[in-house]
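**Q** Positions in the sequence shown are counted from 1; adding 4 to them yields my numbering.
If you're looking for bench data, these hints aren't it; they were derived computationally from the structure.
Small disclaimer: the values here were computed from a predicted structure and weren't measured.
A few of these clues could be false.
Claimed, not checked - Computed spacing ranges between beta-carbons, pair by pair:
hint, residue 1, residue 2, range
1, E24, F70, 10 to 20 Å
2, Q103, S64, 31 to 41 Å
3, L51, R74, 12 to 22 Å
4, E63, G92, 13 to 23 Å
5, A73, R99, 15 to 25 Å
6, S53, G79, 12 to 22 Å
7, S27, I61, 27 to 37 Å
8, V17, P80, 11 to 21 Å
9, S64, P26, 28 to 38 Å
10, Q60, G92, 15 to 25 Å
Glycine residues also receive a C-beta, built at the ideal position from the N, C-alpha and C atoms.
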Amino acid sequence: MISATAETHFSVVGYGMIAEFPSSTKQVDNWGTEINGTEESKATVTLTSDRQHLLQIVESNDPIDFRHARASCIGPDCLAVSWGMGDGWVVFYRRIRPQKQTKNGRKT
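All chains, full assembly: derive it from the sequences and hints.
**A** Okay, here's the thing in structure tokens:
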């Protein structure tokens, strides 16, 4: 699991699939005992823009072991992923968040 911030964790869960886990609202003491139990947050899975291409590579080559995939968080919206294929090439993924607009059309 890759930690981007104290609030969010990312995990590569399949070719072209990245799961985002918001932090749990649970508080745990030094012994791992839950102090204030609340409902856990749910993960969201995002598909990368090159997912279909990655699946085509996997289907057209000898079996590729997904356990060789590695990833590293570079910033809050940037991941570097080696999918465990080829010569260990790395793909950089940058999340683009839509900008909010106000009623008068100005960006906020």
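**Q** Do A73 and R99 keep their Cβ atoms within the hinted range of 15 to 25 Å?
**A** 19 Å, holds
**Q** Should the hint that Q103 and S64 are 31 to 41 Å apart at their CB atoms be regarded as holding?
**A** Cβ of Q103 to Cβ of S64: about 38 Å, so the range 31 to 41 Å holds.
**Q** With 28 to 38 Å as the target window, see if S64 and P26 comply at their CB atoms.
**A** Since the Cβ atoms of S64 and P26 sit about 36 Å apart, the hinted range of 28 to 38 Å holds.
**Q** Starting from the range 11 to 21 Å, see whether the pair V17 and P80 falls in it by beta-carbon distance.
**A** Holds - the Cβ-Cβ distance for V17 and P80, about 20 Å, lies within 11 to 21 Å.
**Q** Do the beta carbons of E24 and F70 sit within 10 to 20 Å of each other?
**A** 19 Å, holds
**Q** Taking the Cβ atom of E63 and the Cβ atom of G92, is their distance within the range 13 to 23 Å?
**A** 20 Å, holds
**Q** I want to verify a distance hint. Is the separation of the beta carbons of S27 and I61 within 27 to 37 Å?
**A** Holds, since S27 and I61 (Cβ atoms, about 34 Å apart) stay within the stated range.
**Q** Return holds or violated for the Cβ distance of S53 and G79 against the range 12 to 22 Å.
**A** 18 Å, holds
**Q** Tell me if the beta carbons of L51 and R74 are separated by a distance inside 12 to 22 Å.
**A** Once the Cβ atoms are compared, 19 Å apart, the range 12 to 22 Å for R74 and L51 holds.
**Q** Between Q60 and G92, is the Cβ distance one that fits in 15 to 25 Å?
**A** Holds, at about 19 Å.
Violation of the numbered hints given earlier is absent; every hint is satisfied by the structure.
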